[in-house]
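*Asks:* Given next are the chains, with one letter for each unit.
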Amino acid sequence: MRYLQRFWEFLPSTLLRLDWVPSAVAADERTSRYIFDKEHFNEAQGRVKYTAFMPAKKTTDISVYRTKDCREWRIWAIGRYFVERRRPDNVVLRARGDLPAMAYVQQSLRVTADRKPHPRHAIVAYWPNEESEQRVKAIGLAHDALLLLNPRAPKRRPSGTPE
Amino acid sequence: MILATVPPYKMVCVVEAGLSEESKDISALIEDIRRKSREPISFSWRESLRGEIEDVLQTRSRPGWDGYDAEPISLESANGALRIINALPDHITPPSVVPEPDGEVALEWSGDNRRDFSVSLSGTTLTYAGVFGGSCKKYGEEPFFGALSSTILGILTEYFVKA
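Respectively, the protein sequence lines represent chains S and G. Under my numbering, think of the first position of the first sequence as 1, with each following residue one higher. Under my numbering, think of the first position of the second sequence as 1001, with each following residue one higher.
Below 25 Å or equal to it, Euclidean Cα-Cα: the simulated PhoX-like pairs (lysine-lysine) are: (1) S:LYS116 - S:LYS68; (2) G:LYS1138 - S:LYS57; (3) S:LYS38 - S:LYS58; (4) S:LYS155 - G:LYS1024; (5) S:LYS57 - S:LYS38; (6) S:LYS57 - S:LYS116; (7) G:LYS1137 - S:LYS57; (8) S:LYS38 - S:LYS155; (9) S:LYS58 - S:LYS116; (10) G:LYS1137 - G:LYS1162; (11) G:LYS1162 - G:LYS1138; (12) G:LYS1024 - S:LYS38.
These aren't lab readings, by the way, just hints derived from the structure by calculation.
Isolated chain S, as found in the complex (with noise of 0.2 Å):
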């Protein structure tokens, strides 16, 4: 039972991996930040918050996937197999949010291919050191992402209580 449930988990990242996408980013193109913290967007306000585009000390920039040319359910599903299975806890895909690879460049930013773990992933680094500064281009990014709600998503709870 456990292999065929490992079956399953394998088909669809590996179907989902065969997929091809220039190296270089064109500033056109649609990058989407996969959210799961709950208080970093705003469902009510329909607003991706700055703090869902701050860089971690750790790798000191941030995880974003190309979705140019992608359906919906496609670039879910990327969200799925590659970010959320992927951690050791049991974190939940709760919304996206979308820009062109433009917006970062405007705040001084580079979006770099990866291509690990998928074809589609990329880095955006060159965030200054000071935080005040990271903060300042996390608010002007928050302000031109476009916040969409993972369907599959869990309701929200009311404030207070447990996840």
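Take the given structure of chain S and dock chain G to it, following the hints.
*Replies:* For chain G alone, coordinates are given in the frame of chain S:
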């Protein structure tokens, strides 16, 4: 849910948590109502924010809580956010509490016309960043010893005053 009559003849509502998602949602909602009913009438937005900070501290105590490489929310940063709350004037709009991937707790104001501002405190260093409309950006760091500077108060008073 079981309704029973017990001496001295009071109706008692016993909630047994079921296994379904709907049942869990209802239990969480009832618990939320109970929690709110215990709150005093003089419950202010400051008290509400303190509760949110406590929640953020408890629910984001493990590395990678954001689905990426976030650091656990630090007690020091949570205390810093509480200190900022104590220093906020009454005439401004209440902020929201946002956890950052670097383990800090920030307070965020989001207004009309793409106006966003956030502050956080680490030790005695207050970090702030804001974008107000199109290209107006204000950011930096300054020492904090219990009172907000004229710079921060000026921003809050200019952009985030209660209607």
